[in-house]
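Colleague: Quick note, the sequences are listed as chains A and Z, same order.
What the first sequence shows, in this note's numbering, is residues 1 to 384, in sequence order.
What the second sequence shows, in this note's numbering, is residues 1 to 126, in sequence order.
No wet-lab data here; the hints were simulated from the structure.
Any given hint could be a false lead.
[Stated by the list, open to error] What follows is a set of in silico ranges between Cβ atoms, one per label pair, in the way DEER data are often shown: (1) G158(A) with Q118(Z): 37 to 43 Å; (2) A70(Z) with W243(A): 22 to 28 Å; (3) E120(A) with E17(Z): 31 to 37 Å; (4) T103(Z) with E300(A): 24 to 30 Å; (5) W243(A) with G26(Z): 18 to 24 Å.
Built from N, CA and C at the ideal position, the CB exists for glycine as well.
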Amino acid sequence: MRRVAVIGVGVTKFGKHDRTSAELFAEAAADALADAELPASAVQALYYGNVVGGETEKQLHTGPQAASVLGIPTVPTTRFETACASSHAAFRHAVMDIASGTSEVVLVGGAERVLNVTTEESTEYFAYASDARWEQTLGLTFPGVFALVARAHMARYGTTEAQMAAVAVKNHKHGTLNPKAQFQKEITLEQVLRSAMVADPLKLYDCCPFTDGGAALVLVSEEVARKARRPIWVLASAAASDWMLISDKRDLSRVPATERAAAAAYRQAGLGPTDVDVVELHDCFTIAEIVATEGLGLFEPGAGGVAAEKGWTSLGGKIPVNPSGGLKAKGHPIGATGAAQIAEVVTQLRGAADRRQVDGAKIGLTHTLGGNTATVLVSLFGRD
Amino acid sequence: MTEPVITQRHFFEKAREGQLTAMRCGHCGELSVPPKTFCPTCSQRRWEPIGLSGEGTIASYTIIRVAPRAHAAEVPYAIAAVHMNEGVSLLGRVVDVPLERLTVGLPVRFRPLVSGGQTAVGFGPA
Chain A
1 MRRVAVIGVG VTKFGKHDRT SAELFAEAAA DALADAELPA SAVQALYYGN
51 VVGGETEKQL HTGPQAASVL GIPTVPTTRF ETACASSHAA FRHAVMDIAS
101 GTSEVVLVGG AERVLNVTTE ESTEYFAYAS DARWEQTLGL TFPGVFALVA
151 RAHMARYGTT EAQMAAVAVK NHKHGTLNPK AQFQKEITLE QVLRSAMVAD
201 PLKLYDCCPF TDGGAALVLV SEEVARKARR PIWVLASAAA SDWMLISDKR
251 DLSRVPATER AAAAAYRQAG LGPTDVDVVE LHDCFTIAEI VATEGLGLFE
301 PGAGGVAAEK GWTSLGGKIP VNPSGGLKAK GHPIGATGAA QIAEVVTQLR
351 GAADRRQVDG AKIGLTHTLG GNTATVLVSL FGRD
Chain Z
1 MTEPVITQRH FFEKAREGQL TAMRCGHCGE LSVPPKTFCP TCSQRRWEPI
51 GLSGEGTIAS YTIIRVAPRA HAAEVPYAIA AVHMNEGVSL LGRVVDVPLE
101 RLTVGLPVRF RPLVSGGQTA VGFGPA
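Chain A extracted, bound-state conformation:
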């Protein structure tokens, strides 16, 4: 298998936009190609993440639409949908495409538009990623899914609402250092704990926002990468799944798909959790960050809450998690999120993350979770 590198990244401002998701992706893709110093004509395939386009934009077939809006209508395109992990799944397949020798230059990314509909509508559309007959009929929401995880984690390990709130405070603080972030404002523990209940015990500030935005990456073979200014190497990209239904998961305090994807990624790269310098992980809810830090092996099961509270995951801490602000503060345009996390880690490994730079970062990890914890992708990156 050939080595694969990321040589270009682009991310739109996250927040509310009045442009279509295809236009948002095209902006990110143009930035990524400029960063890679490659013309659009060099792209040989587009792997694209988009989740609720069918609902919020009445738009399917978003792969070729995005390619057309970008102006590369003839490249093969595929739209990936693994709920919130869509563009990370697209990334993994692009890596395999190049590693196998099929393509030299592949554009990867995604975009989402949801702030053009009401919160009730988007809550419904996001819930489509849980089972229609067994779960949606009960009125289960995504905050509800992670509230079940939170209660189980609290009951098993004694994790507290204040520890979860510490994740939100930390990620908002990081977000103030990211000019692309949806929220660039610090919040206090009190504000989190006093915010309105969404799905007990998760409060408004435990939840990431609805977000419009796009992200893009240029992936190339080693041969092309050697001519690039600052390639960042893909050391591993692994996917894992788990039962779709909440009721089939034996232990709600854990996310086994994270543990399996992480084990596979570490094995591919010949690395372990202690080798990682910077992490962008899927903090769709504060408890999700706590459970992910445990599943990735950064902390023992049950220690994720303590780690957040003690600042071990803050910039300057033992292992900085979500220096971008994470989904919580940077925002979560679901189809773009996996690619945006990778863009942040690439920026960190280039040493180009300005005020949010993790000093001397050599190895980076991204973790993206799909919907009800049934999909997880983990990738590892390194610099020359």
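Following the hints, put chain Z in place on chain A, whose structure we already have.
Modeller: Just chain Z now, with coordinates in the frame of chain A:
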């Protein structure tokens, strides 16, 4: 073509009558609900339907206060993952239990919830 032992539709028809149905693997004894084609433990296809008592305890729960459009008028409502006494779990609405009394480990009993001709899994006080 082998007919499935129990389909999703059968499960909810029986549930509407007040009876929860699981499947036991005739090869390894694995218990499962809802229906699956192959046993996830031994990959055999030798399911036999068995009735569940309907009794269990709350493994985790939440109170939904921001709901999808179809359920917006019902907030606040409780959803729990319930560990059934036989060893399988089911997700359901908790009804007739004051929200402040909900706790992990609380015993509950199955009851069908029928709305608009559709049956959903519910749990009430044990």
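Colleague: Work down the list of hints and note, for each, if the structure agrees.
Modeller: So, going through the hints one by one against the coordinates:
1. G158(A) with Q118(Z): 37 to 43 Å: holds (39 Å)
2. A70(Z) with W243(A): 22 to 28 Å: Between A70(Z) and W243(A), where Cβ atoms are some 24 Å apart, the hint holds.
3. E120(A) with E17(Z): 31 to 37 Å: holds (34 Å)
4. T103(Z) with E300(A): 24 to 30 Å: Holds, since T103(Z) and E300(A) (Cβ atoms, about 26 Å apart) stay within the stated range.
5. W243(A) with G26(Z): 18 to 24 Å: holds (22 Å)
Violated hints: none; the structure is consistent with every hint.
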